[in-house]
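K.L.:
Got chain Y; can you put chain U on it based on the hints?
These are the residues of each chain, in order.
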Amino acid sequence: MSKVYTFKSREKKGSNKPEFEGNLAQGLNRRAFIRSGSQLSLLAMLAACKPKREDTAKPEKSTHKSEQPDQSLFDGKEARVIKNVQQHMFPDDGNGPDAEAINAFGYLEFAMTDRQNIEDGDPEFLKKGIGWLQDLSISSQGEDYLKLAEPEQVALLKKISASSAGENWLALIIYYLAEALMLDPVYGGNPEQVGWRWLEHQAGFPRPVEGKTYRDFD
Amino acid sequence: MKSSPLTTQEFDICVVGSGAGGGPIAYELAKAGYRVAVIEKGGWFDENDFKKDEMLPRRKIFKSKVQQEPHIIEEPDGEGGWDSHSTGQFWGGNIVGGASNFMSGYFHRLKPEDFRLLSEFGPIEGANITDWPISYEDLEPYYTKVEQVVGVSGKVVKHPFLEPRSTSDFPFPPTAEHPIASWFDRAASELGYHPFPMARAVLSRPLNDRKSCEYSGYCGSYGCHSGAKGSSRAALLKQAVETGNVKLITYAKAYHINTNHAGNATSIDYFDRNGSSHRIKAKIFSIACYSIESSRLLLSSTGPKHPDGIGNRYQQIGKNLHCCAGGTGHGIFDLTRLTPSEAESLKVRGPFFNRALQDWYIIDDKKFFGKRVKGGTIDFVFDPPAPTAEVNSLKWDDDDNLLWGSKFKQKLKSHFTQSRDFKFEVFCDWLPTDNCNVSLSANTNDRWGTPAAKVKVGFHPHDLKVAKYIVSKGVEVMKKMGAQEYYGNAFTAPTSNLIAGGLRFGHNPQDSALDADCRVHGTENLFVSDGSFMPNGGSVTPTWTIYANAFRIADKIKQQIASLK
Chain Y
1 MSKVYTFKSR EKKGSNKPEF EGNLAQGLNR RAFIRSGSQL SLLAMLAACK PKREDTAKPE
61 KSTHKSEQPD QSLFDGKEAR VIKNVQQHMF PDDGNGPDAE AINAFGYLEF AMTDRQNIED
121 GDPEFLKKGI GWLQDLSISS QGEDYLKLAE PEQVALLKKI SASSAGENWL ALIIYYLAEA
181 LMLDPVYGGN PEQVGWRWLE HQAGFPRPVE GKTYRDFD
Chain U
1 MKSSPLTTQE FDICVVGSGA GGGPIAYELA KAGYRVAVIE KGGWFDENDF KKDEMLPRRK
61 IFKSKVQQEP HIIEEPDGEG GWDSHSTGQF WGGNIVGGAS NFMSGYFHRL KPEDFRLLSE
121 FGPIEGANIT DWPISYEDLE PYYTKVEQVV GVSGKVVKHP FLEPRSTSDF PFPPTAEHPI
181 ASWFDRAASE LGYHPFPMAR AVLSRPLNDR KSCEYSGYCG SYGCHSGAKG SSRAALLKQA
241 VETGNVKLIT YAKAYHINTN HAGNATSIDY FDRNGSSHRI KAKIFSIACY SIESSRLLLS
301 STGPKHPDGI GNRYQQIGKN LHCCAGGTGH GIFDLTRLTP SEAESLKVRG PFFNRALQDW
361 YIIDDKKFFG KRVKGGTIDF VFDPPAPTAE VNSLKWDDDD NLLWGSKFKQ KLKSHFTQSR
421 DFKFEVFCDW LPTDNCNVSL SANTNDRWGT PAAKVKVGFH PHDLKVAKYI VSKGVEVMKK
481 MGAQEYYGNA FTAPTSNLIA GGLRFGHNPQ DSALDADCRV HGTENLFVSD GSFMPNGGSV
541 TPTWTIYANA FRIADKIKQQ IASLK
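From first to last, the protein sequence lines stand for chains Y and U.
Each step along the first sequence adds one to the number in this note's numbering, with nothing skipped, and position 32 is 32.
Each step along the second sequence adds one to the number in this note's numbering, with nothing skipped, and position 433 is 433.
A portion of the hints provided could be inaccurate.
Stated by the list, open to error - Looking from chain Y toward chain U, a few residues come up when the C-beta cut is under 10 Å (computed): (1) D93; (2) N95; (3) D114; (4) E119; (5) A162; (6) N168; (7) I173; (8) L183; (9) V186; (10) Y187; (11) G195; (12) L199; (13) R207; (14) Y214; (15) R215; (16) F217.
Claimed, not checked - Quick list of in silico lysine-lysine cross-link-like pairs, DSS-like style, CA-CA up to 25 Å: (17) Y:K83 <-> Y:K158; (18) Y:K158 <-> U:K413; (19) U:K413 <-> Y:K83; (20) Y:K83 <-> Y:K147; (21) U:K211 <-> Y:K212; (22) U:K558 <-> U:K283; (23) U:K281 <-> U:K556; (24) Y:K212 <-> U:K60; (25) Y:K83 <-> U:K411; (26) U:K407 <-> Y:K159.
Just so you know, the hints here were simulated from the structure itself, not pulled from any lab data.
From the three backbone atoms N, C-alpha and C, an ideal C-beta is built for every residue, glycine too.
Isolated chain Y, as found in the complex (with noise of 0.2 Å):
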């Protein structure tokens, strides 16, 4: 389908007037991953050459519910391996804050109680990710993957990477990343405007505040 008519080829989110950028920077991208990975198998993923992000659909529905959990979503292993892999995403490299400074698990775990991120099969597909990775270390290095070198843990999720539902689980943790990053302190990452004042991103105002979150009005 061609629709967009370049001079040279290269768009971003838009405003008023539709714009595109493919199907790489948002919601379409993400739910693409989404599917592929659910339906994926470890082997399955691994072999996979990647497929075109178009070819592919609407998530599988989560069969959870969007009130609050009483208990995190993430076991106390499962915990460890995500915040291992936020810090590779975004590392504390001397370059502005890195994923701890930013509080992106405990955004995560907030985000993961959302309704909409729910109905797209986040949390089911996050947590199915953890297990594909340990069970690829496991059948590739012999090792729990918390208990790797940096350096081979790297590679591994290099390794990932390259297939689509590695990629698509990489990109997710990276989506709610920058929200950690970018949004407002209100909803518990970027605490003190962290990211804000690395980018310098001037806020608006007001701001939200409790009471007044867009899950207040939702």
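P.N.:
Using the frame of chain Y, we list chain U on its own:
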């Protein structure tokens, strides 16, 4: 689907929808002393609720959700066929004041030529072009009224296509301008073009209890915290309700207009938030639900004289819908190549770009088009801030591979702190054709069990040719301004937030849905006051024209209801 009403109330006027098409009717009739009911599907939120929170537009808060209220969209698939899918993208605002709460308020009048497109430019094969039953001169007093009542800021600067005005200038001076505006003026002038400040439905000075703009930098897509934005809610409905003559019924979904054996409207049925049905009786009704939904309501409202929907004797209801054709483009400035003071000036957030070019509103380039043709407008604007979306768009490299780790962070840092992206938007006519219309879905219902709208959004190839021509001019300006990267796209996808037509007005019931006063053909007391009436959208955003025409209809309704006494 119809239910027995739980309650029945009676008013002089019943308005369905509280956006730019409904607000002027309620405002004018209430001020004239008539009892008015306004039925609004959404809730009443105000300045205290409008925080500058990216999650509000990101989650489509204050808008209908696809799960409850889908539209079925049919788009060209690029291979000669049609692609059909369900979407929630075509909802503007499920809230008192409608989509006008979230507009950017880039305001342009139409030109006199827009009112006589057929006689001015001739027919185009495959397009249902027609002249309007009124002229620019008929609407001009109402454009002026909108400037004063809704509040339009700006400065009149002469240019080749400046429309005739009855006043010398705007009642409010221009809003504060970003430093880039002067860069733009210099570049456009050097190219021989005629830059002018774009008018805005944003107050630069207080009006009544509305404050002037606070320049938070979060305007379009976001609700206005100061009341400066000329939403129907802030500018009209608040005052209308204060007259004591308006009952604004929120969380009320109108689903059927009842008509009698003469074909006239007698009452409207709506569902409350619990799904119970209620009835409003009135002498006169005005529908303003946004183009798609107004057509849908008329098509759904069958009656003894209207077996195919109200006014649909000649199958004109839902026909000749149109969007805005055009495109967008960008100029990206590398701040590291500028002096420190230049770089700092481009980093400013708050004031507006507010510039436009209309040098090609009518194109007389016979080498390119073979004849004189209708062209369009270029608005130079800022995107509404969406930093989270921006970060997410940067996580892919040029080969579409996922970027992470230090490389990703370096890209973010460079993008946010060492470059600035300035944008233009091109607006051209989306010619009405037989391939752009609204009908009722045969198999998809909304949460209340009523048929969803099916929207076919085909475009005419001529639109794309005009759009490409004008987009290339915008790119030329960005290059001249000194942008290191400049590009533009013409597109044919529908602008879901800028749709009009579907119930176009005209003298002949066989090729129009409304008469010249925007009364539905075949009825005496049912008006449509949103953008549905427009035979063509003009090459600008249509909101100012929708407001102006709704004020014109309000005068017609006042005359008619006075004669009933």
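K.L.:
Does K60 of chain U lie within 25 Å of K212 of chain Y when you go C-alpha to C-alpha?
P.N.:
holds (15 Å)
K.L.:
For the hint on R215 of chain Y, just tell me whether its beta-carbon gets within less than 10 Å of chain U.
P.N.:
The hint holds - R215 of chain Y has a Cβ within 10 Å of chain U, the shortest such distance being about 8 Å.
K.L.:
Check the hint pairing K83 of chain Y with K147 of chain Y against an upper bound of 25 Å on the C-alpha distance.
P.N.:
Answer holds: K83 of chain Y to K147 of chain Y is near 14 Å, not above 25 Å.
K.L.:
Under 10 Å, Cβ to Cβ, is where N95 of chain Y needs to be relative to chain U, so tell me if that hint holds or is violated.
P.N.:
holds (5 Å)
K.L.:
K158 of chain Y and K413 of chain U were given as a pair; does the straight-line alpha-carbon distance stay at or below 25 Å?
P.N.:
holds (23 Å)
K.L.:
Can the restraint linking K83 of chain Y and K411 of chain U be considered satisfied, given a maximum Cα separation of 25 Å?
P.N.:
holds (22 Å)
K.L.:
Between the alpha carbons of K211 of chain U and K212 of chain Y, is the straight-line distance 25 Å or under?
P.N.:
Given pair K211 of chain U, K212 of chain Y holds - Cα atoms ~21 Å apart, limit 25 Å.
K.L.:
Between the alpha carbons of K407 of chain U and K159 of chain Y, is the straight-line distance 25 Å or under?
P.N.:
Status holds; Cα separation ~17 Å.
K.L.:
Does the nearest C-beta of chain U fall within a distance shorter than 10 Å of the C-beta of F217 of chain Y?
P.N.:
holds (5 Å)
K.L.:
Regarding the hint that Y187 of chain Y lies at the interface with chain U, is the smallest CB-CB distance below 10 Å?
P.N.:
Where the cut-off is 10 Å and the nearest Cβ of chain U is about 7 Å from Y187 of chain Y, the hint holds.
K.L.:
Once the shortest beta carbon distance from D93 of chain Y to chain U is found, is it less than 10 Å?
P.N.:
Holds - the Cβ of D93 of chain Y comes within 10 Å of chain U, reaching about 5 Å at its closest.
K.L.:
Quick one, are K281 of chain U and K556 of chain U close enough, alpha carbons at most 25 Å?
P.N.:
Holds - the C-alpha atoms of K556 of chain U and K281 of chain U are around 20 Å apart, at most 25 Å.
In summary, this structure violates none of the numbered hints.
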